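K.L.:
So the chains spell out like this:
There are 4 protein chains.
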Amino acid sequence: MYFGSDNQTGASSQVLAMLTQANSGYTHGYGDDQWTNKAVEALKTLFECDLEAYFVATGTAANSLALSCMVEPWESILCHDSAHIILDESTAPELFTGGARMRSISQGEGKISPKHLQDYLQTIGTDYPHNVRAAALSITQASESGLVYTPEQVSVLSRMAKDNGLSVHMDGARFANAVASQQCTPAELSWKAGVDVLCLGATKCGALCAEVVIFFNKELADTFTYRRKRGGHLLSKGRLFGAQMVGWLKDDHWLDLAQHANTQATQLAKQIATFDCLQLVWPVESNELFVIMPKGLAEHLQAAGAEFYDWYVDTLPPNITIAEDEIFARLVTSFVTQDVQREDFCDLIRNYFSATKA
Amino acid sequence: MYFGSDNQTGASSQVLAMLTQANSGYTHGYGDDQWTNKAVEALKTLFECDLEAYFVATGTAANSLALSCMVEPWESILCHDSAHIILDESTAPELFTGGARMRSISQGEGKISPKHLQDYLQTIGTDYPHNVRAAALSITQASESGLVYTPEQVSVLSRMAKDNGLSVHMDGARFANAVASQQCTPAELSWKAGVDVLCLGATKCGALCAEVVIFFNKELADTFTYRRKRGGHLLSKGRLFGAQMVGWLKDDHWLDLAQHANTQATQLAKQIATFDCLQLVWPVESNELFVIMPKGLAEHLQAAGAEFYDWYVDTLPPNITIAEDEIFARLVTSFVTQDVQREDFCDLIRNYFSATKA
Amino acid sequence: MYFGSDNQTGASSQVLAMLTQANSGYTHGYGDDQWTNKAVEALKTLFECDLEAYFVATGTAANSLALSCMVEPWESILCHDSAHIILDESTAPELFTGGARMRSISQGEGKISPKHLQDYLQTIGTDYPHNVRAAALSITQASESGLVYTPEQVSVLSRMAKDNGLSVHMDGARFANAVASQQCTPAELSWKAGVDVLCLGATKCGALCAEVVIFFNKELADTFTYRRKRGGHLLSKGRLFGAQMVGWLKDDHWLDLAQHANTQATQLAKQIATFDCLQLVWPVESNELFVIMPKGLAEHLQAAGAEFYDWYVDTLPPNITIAEDEIFARLVTSFVTQDVQREDFCDLIRNYFSATKA
Amino acid sequence: MYFGSDNQTGASSQVLAMLTQANSGYTHGYGDDQWTNKAVEALKTLFECDLEAYFVATGTAANSLALSCMVEPWESILCHDSAHIILDESTAPELFTGGARMRSISQGEGKISPKHLQDYLQTIGTDYPHNVRAAALSITQASESGLVYTPEQVSVLSRMAKDNGLSVHMDGARFANAVASQQCTPAELSWKAGVDVLCLGATKCGALCAEVVIFFNKELADTFTYRRKRGGHLLSKGRLFGAQMVGWLKDDHWLDLAQHANTQATQLAKQIATFDCLQLVWPVESNELFVIMPKGLAEHLQAAGAEFYDWYVDTLPPNITIAEDEIFARLVTSFVTQDVQREDFCDLIRNYFSATKA
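Chains as they are written, first to last, in our numbering: chain Y, 31 to 388; chain D, 31 to 388; chain L, 31 to 388; chain V, 31 to 388.
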């Protein structure tokens, strides 16, 4: 019953096998090797376009380095109020951008809406250099509330951003889950919808540590290799990333893993919906569930070994309130989640309510 | 009819005279001179306490350097949504703090309310080092909407801040106007109300360029001289600041200047209130007026040589809306504003309405 | 004949086996897992003391983050003129320290001598905040010229540093090779010799990517976790590092690997010394050889598939000059270097000279 | 007998008079005023070319902001070992450049020689992004040893710099003294000799605080206004700078002031040369003298009220040594130095030697 996070697994066996295979033999260092090259080619095929792709070990590095190529230090980055980059990555964006401003423009809706963006862009001061120019919009796909932007929704935001001189970043830590959810192509959900730079995360969905910054807008990539090296993010044994990515992409493995996680989440959501005292806060569109439940139940579950996290109550939509004896929990499924885990979890819920009713 | 800004004047004659007097003769450089020493002593007397005081040339430098002594690069600074430090000082706070996060916690009320602060502190994540710790609260006195925090209001915010581990910064670019408005002592409006560091601005109210960072909490000052030098803000001819400050403080000159500006604002507000088509947005508590007026009138006034600025519409309180044919304007009085300027301004308004009615 | 770099191998089989073993099962993220804990315990045992240890993926990250805990942004870091941190890590130290100064104090001797340090400390200005205070000394072990500091040599430098208020950093990218060379304990070559912070590298000597910042002076570690997260260097799947380190340290595996590489270097040096036209620049004390050779020979070797790099001629000692038709090359052995590689290499040399003489 | 520094005076009477005149009346803020405009026009006339000019309050700000427009954070700035920017301006260059590297390339000769530059450029690594690319050369005019680069010398260095992709910065804190010394035009000593950006200092030579960053290479100025604002260096009452500069440039006033200081230095040098026990270290080419003298004499002079500073002994040329009972002193003349000061100073020396001989 491990619903804590999708980063609490190891690598998938296919990814690990490729890593093991790549371990032998001599290669040049710093990404100048056949595994890295093969991985970049696989990404070009996957996204059906030319692109520049650079590997790093963490999502925080990927996002911050990507954003540092998109804004000047006296400009700002717009994002949702609960975006990972503003909530969970310390002040990494400020470090790597040389001190650009982070600015949340959306609250309480789980995704950035065109209205959020429009309202902000209409009221922002433009008396430069006094005011801070908005230069990048960051969209999280799937969002921190487990919601997925459709290609059309991404397009609308991207167009609005570009009309105002902003470039578009996508934090794709769960991009695989989003693609699996939308049943569209990776291209449709990224550059065809106006995304300039995508941080594609494999770690949460089958890799051990493999994140890749993909520049569809190649002009933005000019300084990336300098920034990556300077940030200590250029690994000497580049095959580590290349091999994982090759294994992850091979035969749609990445999509199978994501689909598995999504399906587990959907099924768990259905099971949870059968209990009156548990409230699903958002529709389940990827591999995360957000649930309001009685505190007593939460303690009961955790005592029995179930893992999940309390979540930020300020991310709740305005129409939903939480009582003093309730908690707001996030449950995450992954590529290793098994049916039995869900069943055990629901058994525990049933037991709890039987006991408390009795 | 110069209501553009209180920084569009020169120095008061008393300040200029002292500067001229200080120009002669030899002194040591970098603030090691009798004028600087005299100014610091005068500040101690004024604030009735021991303190550390450091001069810089701009309010942006004062605020950013002060804040850099109060937060780590992985912490955040809380302020009102229209605070000068977040709206009009580029990303200077990020530069000088090494990339700390700026975070607005209040919108639409002209001042930070205890509820704003409490709400934010209750929902902020505390899973360090992932989340960003709030480490400083910045209060602008008088606020960017021309409102003044009473000593009691400052105290309530300070107490709440300190109970949560935040230190308290006051942007006192118009501190003189606030003191004049409150008829309290400078001490009561600063350290006695819990302020750790005050950036006291003389420039807007009679000096040519003189801002002073005052540490009531002297422990926070440990690294200031390094930061000031490194920021290029240590002037070689320190007498420039010392002399201005000595002249500004002498015989309550600063308070007379501020009182003059405030009185002009109050009187202008009264005159404006007589016109039905002009709406004062906030009560006038210092030397700024915020007015909604017909666009046609604004053009008429500016064509006749009146100066004032369009202001940020997102700083309007939620209950006030602005029509398409209206503008939101800020008018600022200063120590040189004359009665005749107000009268000429009101004559122009009258003329306009006579003409349009006819 | 792969003498390009010791980072052009994969992981040793023991390290890879442990990584594979650790891949299964559920753990908490971000280093809160049993593998990381076990690795830290193993380091305490190895170094015979309490310590704080933090894993990162690259040597550049390790060094820069370590140094950022040791100096203020207005202070400086002293190092050898050819130190990796000043020559090969871009401006990462400046990034992570918030802009501290890098300062080389030694040229042309392959190691920092006490005289270098003393000379610098005696002439440096101390008129703060104008001058830049020296706050840390960085020693590379083994040095970039393949030389090893004895425990006594480290002690002398450390004592001099501390007498002048500097703390001591050791870049231990090849610490294993140095220990193997000195036949002393890791403790004797680090904290017992006055080292405050050691960046211990496993990557070059058997791991895939595993570097650990070890604080013997635990007070310096206060802010490390914030800095690592903020630098994007906190991996979610911490077992990656933990497992590698456990495998690397188990049964003195690390020392065997290092000893193998050192022995290969020593033997290659002996072979090279038999050729008149090749000149060994430094005594071989670890796993690197620095050789002056005819350009024609170098081209011949590389055409035949031998790999090695041209090296920085300004690192040559003052008494050694290089002719126009010569090159200065670095050859590195590793834990996978085989006897046959050396023999093939020497055969090529012999062939070349036979051919040219003929 | 004030030979401490040329920043220990006030403003010249002509500069102060212009400042007083500019104090009256209303102007726009932030440099959008007639005084600033007039000053920029005067600079264009003086330098016989189009240019961009921006005022700041300190030489440290001018230099650091200028350099920040010339290098990326992963590049380096080359300068003389005793350059003010590397020795006396804390780590301001690192702050404003976002962490670029400072690198001294010359020691012991008082000026950068073409050989220094050539040697460095030949040996520097070019394996990017690992190595740090040299991107700017900074020349101090007059140098920190009081020496002046001739137009031809500047040209040679500039050409070499540009051939290697570096742009050329001139720290002109004493540019006026250098022009007076060379009897050439300001244009000949700056852009005609290849200087891209000149930081022209008026403060040391007659102003109260007025430094101006002059971009002859206007493309480099693109981001300057953002950087200045963000650094807290955009003064609201811009007339302060404009008026000083107008007064300083009017009727060759600046050159008269510089000539006066230079002449005083030359005469003092002649007087000092008459004493056997005092040794002039460098030829006097501007307004600074560097003298080795007996410690006893130094104490005698200072006890009698003479002011001068001990200087960095590591700036001594290699052929000059200093005995234990000697000190190395810097004496600076200024636009207010009077003959009587020199005479009193020499009388004191005579008295001292009479007394010690007796």
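In short, the hints are calculated from the structure, not lab data.
It should be emphasised that the depicted structure is a prediction, and the values quoted were computed from it without experimental measurement.
Please note: incorrect hints may appear among the correct ones.
All copies of an identical chain are treated as equivalent in the list; a pair is satisfied when it fits inside any one copy or across any two copies.
[Said to hold, decoys possible] Restricting the straight-line Cα-Cα distance to at most 30 Å, the calculated cross-link-like pairs of lysine-lysine (DSSO-like) are:
id : residue 1 : residue 2
1  : LYS248    : LYS280
2  : LYS387    : LYS192
3  : LYS248    : LYS192
4  : LYS325    : LYS145
5  : LYS74     : LYS325
6  : LYS300    : LYS192
7  : LYS222    : LYS300
8  : LYS222    : LYS387
9  : LYS325    : LYS222
10 : LYS248    : LYS300
11 : LYS192    : LYS280
12 : LYS192    : LYS145
13 : LYS387    : LYS280
14 : LYS74     : LYS145
15 : LYS145    : LYS68
16 : LYS325    : LYS68
K.L.:
If the cut is 30 Å between Cα atoms, do LYS222 and LYS387 qualify within a copy, between copies, both or neither?
P.N.:
Neither: 54 Å inside a chain and 56 Å across chains, both beyond 30 Å.
K.L.:
For the identical chains here, do LYS300 and LYS192 meet the 30 Å Cα criterion within one copy, between copies, both, or neither?
P.N.:
neither (39 Å within a copy, 46 Å between copies)
K.L.:
I want to check one pair: LYS325 and LYS222. Are their C-alpha atoms no more than 30 Å apart within a copy, between two copies, both, or neither?
P.N.:
The answer is neither: 45 Å in one copy and 42 Å across copies each exceed 30 Å.
K.L.:
Using 30 Å as the alpha carbon limit, work out where LYS74 and LYS145 are close: within a copy, between copies, both or neither.
P.N.:
For LYS74 and LYS145, neither the intra-copy (34 Å) nor the inter-copy (49 Å) Cα distance is at most 30 Å.
K.L.:
Evaluate LYS74 and LYS325 at a C-alpha cut-off of 30 Å and name the case that applies: within, between, both or neither.
P.N.:
Answer is neither: 48 Å inside a copy and 41 Å across each miss the 30 Å cutoff.
K.L.:
Is the C-alpha distance from LYS325 to LYS68 at most 30 Å within one copy, between copies, in both cases, or in neither?
P.N.:
neither (50 Å within a copy, 34 Å between copies)
K.L.:
Is the C-alpha distance from LYS192 to LYS145 at most 30 Å within one copy, between copies, in both cases, or in neither?
P.N.:
within (15 Å within a copy, 37 Å between copies)
K.L.:
Checking LYS387 and LYS192: alpha-carbon separation at most 30 Å within a copy, between copies, both or neither?
P.N.:
neither (57 Å within a copy, 44 Å between copies)
K.L.:
Pop the pair LYS222 and LYS300 into one bin, within, between, both or neither, using alpha-carbon distances up to 30 Å.
P.N.:
Classified as neither; 33 Å inside a copy, 58 Å across copies.
K.L.:
How do LYS192 and LYS280 come out at 30 Å by Cα distance, when the copy is not named: within, between, both, or neither?
P.N.:
neither (34 Å within a copy, 49 Å between copies)
K.L.:
Indicate which option fits the pair LYS248, LYS300 if close means a Cα-Cα distance not exceeding 30 Å: within, between, both or neither.
P.N.:
Answer is neither: 43 Å inside a copy and 50 Å across each miss the 30 Å cutoff.
K.L.:
Since the copies are identical, ignore which copy is meant and state whether LYS325 and LYS145 lie within 30 Å (CA to CA) inside a copy, between copies, both or neither.
P.N.:
Answer is between: at 26 Å across copies they meet the 30 Å cutoff, but 36 Å inside does not.
Comparing the model with each numbered hint stated earlier shows that hints 2, 5, 6, 7, 8, 9, 10, 11, 13, 14, 15 and 16 do not hold.
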